[in-house]
Amino acid sequence: MNNVIVMGVSYKTAPVEVRERLAVSQRSLADALEGLRGLPGSDEVAFLSTCNRVEVVARPGGAGERSSDPFIAEVRGFLSRHHGIAREVLDPVLYVHAGRDAVRHLFRVASSLDSMILGEPQVLGQFKGAFEAAMEAGTTGPVLNRLFQKAIQVAKRVRTETRIAENAVSVSYAAVELAKQIFDDLGQKEVLLIGAGEMGELAARHLVAAGAKRLLVASRTIERAAGLADELGGRAISFEEFPAALRESDIAISCTDAPRTIIHAETVQRIMRERRGRPIFFIDIAVPRDIDADVGDLENVYLYNIDDLQAVVDQNLDNRRVEAERAEAIVAQEADAFLDRSRGLSAVPTITALSEKAEAVRREELSKTFSRLNGIDEKGRQAIDALTQAIVRKILHPAIVAIKAEAGVSEGEAFIAAARRLFNLDESFPPHHHKAGKERESGSPPLEKGGSGGDTPGEGSPAGPQSSAPGGAG
Amino acid sequence: MDLHLFYVTLAGYALAMGLVLGAVLVPGERIGRAAFYAALAGFAVHTLAIVARYVQAGTLPATNLFEVTLFFTWALVLVYLIVEGRMRTRVLGAFVIPFVFIALASASHLPKEAAGLSPALRSVWFRFHALFILGGHAAFVLAGLVSLLYLFHERALKAKRMTGWTRRLPPLETLDQLSFRIVAVGFPLVTVGIVSGSILATHAWGLLWFWDPKQVLGFGTWLLYGLIMSGRIVLGWRGHRASLLGVTGLGLILAAFIGVALLYKGLHSFA
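The listed protein sequences derive, respectively, from chains F and S. Number 424 in this note's numbering belongs to position 424 of the first sequence; there are no gaps in the numbering. Number 71 in this note's numbering belongs to position 71 of the second sequence; there are no gaps in the numbering.
In short, the hints are calculated from the structure, not lab data. Think of the CB as a built atom: it goes at the ideal place given N, C-alpha and C, for glycine as much as any other residue. Be aware that a few hints might be false.
[Claimed, not checked] Here are some chain S residues pointing at chain F (derived, C-beta under 10 Å):
| hint | residue |
| --- | --- |
| 1 | 153 |
| 2 | 154 |
| 3 | 239 |
Please put together the full structure from these sequences, using the hints given.
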């Protein structure tokens with residue numbers, strides 16, 4: 001794991017002009033992966049491309065414990081060639097993380113700690129997509145598989161154990177969130193959109209998506225209202241009808257270009273009597289404002305204007321920043337634990353586990369046989385014992401030699417992981433491994449996604465689809 | 001003596017209190033669920049404690065302030081557990097459980113020996129009276145706490161303050177309906193309690209009304225909740241106004257319970 005590198009650009013280092021050049025569409029992703037794998041010294045690679053970042057995750061291969069610098073230079077060259085960006089432009093904005101930093105960086109990216117909008121949920125989906133695409137292209141191996149799976153697990157943990165992804169961080173969505181704080185069930189609530197400004201439309205759209213029962217659209221130009229109502233699945237009414245419609249509406253979004261306020265406290269007071277005090281939520285997104293500020297002082301009336309909504313968003317972002325500190329602690333702890341575990345993938349413990357396992361099997365089978373063979377004397381027992389020892393030793397000998405030899409090589413980890421899997425040393429498959437081998441399609445799903453059962457099943461399985469993928473070159 | 005059960009109950013609620021306060025502060029469902037089960041366990045022992053007292057004394061354990069507190073908090077936790085099981089809002093527990101714990105912990109300083117009932121009160125009406133009055137008022141107290149949550153949440157929303165614990169409260173409308181429903185259950189209970197108390201009084205003393213402070217306050221509370229109920233049903237009161245009245249009722253009940261018990265020695269001095 002120590003030779004994993006992450007290199008790329010993000011919104012923090014590179015302007016959009018550079019990012020858009022490096023970005024790779026879903027369709028041409030396979031090309032890019034293929035190109036990266038073709039680089040000298042390349043072994044496992046994955047490519048993450050979102051609107052805020054483009055990153056290459058790789059584990060350089062090759063024999064010997066050489067530094068990954070030559071490979072990094074290769075990737076620089078490839079990115080410059082493949083995307084037509086001059087090295088003078090690319091090099092200053094390209095960051096490179098290696099070893100522990102690379103692991104931590106990936107965990108942070110998946111957990112949305114490195115996102116432009118802290119805690120936004122999309123990045124995890126994109127992260128998973130990048131992983132799946134690379135798996136499909138057959139460019140990942142046991143090391144990257146383990147790394148990506150763990151990163152996804154960490155991201156999920158961050159999301160359930162901190163409040164980093166809670167609460168709206170856009171003005172229009174903040175309106176929905178406030179509505180949910182006021183009303184019991186949005187499915188029973190009617191929304192009135194007054195005026196056809198873009199922000200109002202967006203808020204109405206969110207409310208409809210959140211399940212609002214009915215939407216009315218009132219606009220000075222009836223065509224605009226009709227068009228919008230059509231699009232959002234609502235009903236258009238004439239602008240003059242809106243005061244009457246307020247009687248039945250629970251959420252009113254106002255977004256007109258009127259120069260003066262159009263909804264006054266006295267009107268609302270009268271409407272509230274007619275509504276028998278049923279609460280009403282006014283969202284005034286217009287500038288200049290559409291609704292008298294005193295409307296918000298009325299009983300059971302809630303009024304938020306554009307600045308109020310922005311203030312809510314700012315507070316939510318502050319909350320997320322506080323939560324991010326806790327998330328960083330989780331990421332750091334997980335990264336350390338992950339690296340510690342990876343170090344366990346070294347030769348000595350694997351050889352010990354292999355020998356112990358073989359010895360256990362041998363003893364078990366011996367005692368079964370001896371209990372069945374009654375007439376056997378001590379000499380016969382010793383002979384059989386020696387015979388089985390010799391068989392086991394001879395079968396294991398080349399495997400042990402190979403593991404020792406691979407330990408110093410950079411693919412060693414991958415090799416040892418494969419060995420552990422071949423001999424079922426991590427107990428991640430059913431104990432009857434000869435059977436499980438035949439039924440592997442059903443016995444071990446390609447991507448174990450349930451994260452609750454500990455690390456082993458999640459980390460043992462990814463090698464499965466990889467090794468059996470058609471055309472997956474070694 | 002069944003005091004062991006009392007202290008185990010107290011310990012159970014202490015644990016539930018710690019957990020429920022933790023559940024409000026720390027994200028995730030696990031602590032909240034643990035708090036619920038701790039409260040449930042406390043409640044089970046609580047029930048045992050009451051049954052044991054009943055068996056031992058042979059009368060309903062509502063003869064002194066200690067017993068009444070034990071009984072009253074039991075009814076409160078019962079209503080709370082029903083609401084919590086349906087609503088899954090930990091914040092309500094963060095008010096109710098500490099309330100129950102403090103009430104019980106202060107009651108542990110009171111004389112605990114069951115007082116002998118005067119023969120005049122040994123009647124089935126006494127049991128009716130005590131059960132329904134206490135059960136109904138437990139409902140009022142819980143409804144009052146819910147109304148209090150409503151007012152906190154409303155104030156945060158009006159002040160456009162989105163930080164802190166209020167944002168994890170259920171929606172305003174949910175709190176409002178909940179408080180209404182709990183009062184709607186409590187009101188008939190208290191009504192039956194008052195009627196049976198009147199029958200008890202006429203049987204025992206041949207007198208219906210004797211300006212006992214608790215009687216006056218209790219009747220006043222009943223009128224207030226009658227007002228809340230009719231205001232809600234007939235006039236469509238809701239939200240702010242109804243919650244304000246609900247919290248007033250809570251204050252009145254607590255004043256009656258604590259104030260009279262401390263200051264006045266009369267027929268109801270215990271309850």
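- Out of the numbered hints, which ones does the structure contradict? none
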